[in-house]
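Since chain A is already given, all that's left is putting chain B on it; use the hints.
Protein chains: 2
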Amino acid sequence: MTTSLSKSPTIGVFDSGFGGLTVLHALLPLVPTAHYIYLGDTARLPYGSKSRETIARYAVSSAKFLHQQGAELLVIACNTATALALEDIQQALPIPVIGVVQPGAQAALSASSSNPVLVLATAATVQSHAYTHALNALGLAACEKACPLLVPLVEEGWINHPVTNDVIKIYLTEALTAAPDTQTLLLGCTHYPLIQPAIQRVLASLGHPLTIIDSAHATATAVAACFTNVSRSEGEPTCTFYATDSIEKFQRLGSNFLGQPVADVNLIDLGG
Amino acid sequence: MTTSLSKSPTIGVFDSGFGGLTVLHALLPLVPTAHYIYLGDTARLPYGSKSRETIARYAVSSAKFLHQQGAELLVIACNTATALALEDIQQALPIPVIGVVQPGAQAALSASSSNPVLVLATAATVQSHAYTHALNALGLAACEKACPLLVPLVEEGWINHPVTNDVIKIYLTEALTAAPDTQTLLLGCTHYPLIQPAIQRVLASLGHPLTIIDSAHATATAVAACFTNVSRSEGEPTCTFYATDSIEKFQRLGSNFLGQPVADVNLIDLGG
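So the protein sequences, as listed, match chains A and B.
Residue 141 in numbering that gives the first Met the number 0 is what sits at position 142 of the first sequence, and the numbering runs on without skipping anything.
Residue 33 in numbering that gives the first Met the number 0 is what sits at position 34 of the second sequence, and the numbering runs on without skipping anything.
One chain only, chain A, in its complex shape:
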């Protein structure tokens, strides 16, 4: 895959909203010579509670937009879109497309013994069983747990909040009852890295510490592997952001996910 990609590539990063900025955050130091084009389909978020057909339609139109803007490689930095529409996107575009599920599963393989991997994700990702299929293909068992309230809690900004701790405890207690022997927790949603410290604290309080795999970081590593000709000490990455809804909100919320100010946001209409 490396041969056709330039040394200063244009990399498209797509998410339904802000969560994919955690993938971009992990990517910036790994491929610093790239120009990044990020699209948050904020007018149609969240994808996590919608059907496969609707998600595929939204994701393909978003991916085509990034290709039109010059992306040479596309990162689907959204677990739900990867789980339900990766093949549709790959078929629709003539460029390499990397999702978050496969890298997450690979990272779990590196960390895991043969116990089931516990996967926390949105309702749609869990219903797709994409992580179960990817983990099974690597010889690992999986136990998936839908956590619909975690995205709204992160977007409310309740990162370090007793209510968020309570909700995490409820979800994890249910999940650990179903998979008491698990040693590995895979964060199957790009919002979840923001509450990883809270998840770790809850696991400690339950007396059940787990190795936590963050699919955002695993994906960034997989993308960087496509650019072996790029030095990490060269260059300064540049970013252009597109959103389908409020620019002001994208700048305000996005900076929490990116870990730095989000500037240069352009509003676009994908016809939704």
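Identical copies carry no separate label here, and so any pair may be met within one copy or between two of them.
DMTMM-like cross-link-like pairs, simulated, lysine to aspartate or glutamate; straight-line CA separation at most 20 Å:
#: 1; residue 1: 248; residue 2: 52
#: 2; residue 1: 248; residue 2: 263
#: 3; residue 1: 168; residue 2: 155
Worth flagging that the hints you see were computed from the coordinates, not collected in a lab.
As the structure is a computational prediction, the values presented were derived from the model and not from experiment.
Chain B only, in chain A's frame:
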């Protein structure tokens, strides 16, 4: 308004999702001779976190669909769409269009002394200040409080749940600090009637009971007033449901809001 409407009217009811079914639930016994067409724009929900331009675009296309299906009167059973797009919809359609804000404000006037009315609503409804404008026009002061987590909690089914109680308590404590003299609480989101008992319990525990106004019920009463020639003892209402995303989910979640099984759901594509 009553003269041009038939005795067995076709009434369109629109919401971004399921919440408007609480308005339909209140309408069925008040105008039992009607045929109801309900549209939940579930592929593009939630509206409550999106911008005015996006909400207006979605709401107008949804309203036009219901008019094309034969609606003689349209109820915008969505606080966010009413707050941000009622005028756009009224200008786009040649039929009477009734939103939820004005009836809610009127009901608060009937219940209130001159203390500020406390309004709980989504972020977008609060940012529009539609309730403040409507209440001020009636000579009432308003204090609005955005409660972004209540819709996700209701949709998770955590109606009677300690976490929901905690979240309600946090929101109400903040709101009552800002408006300590309020006597009246207006539920400015059609999801909130489902947690009205929990809200009442929290208010009692805070030692601050309030008269609760439900804009869903107030709107149904306002719609019924357009049909003074209809007897409440006549006929049996019929309903046709349309959704822009998963029919299965609409049937499953919708029955909680309607208080009876939701059958005959049709999937439509509004181009989102």
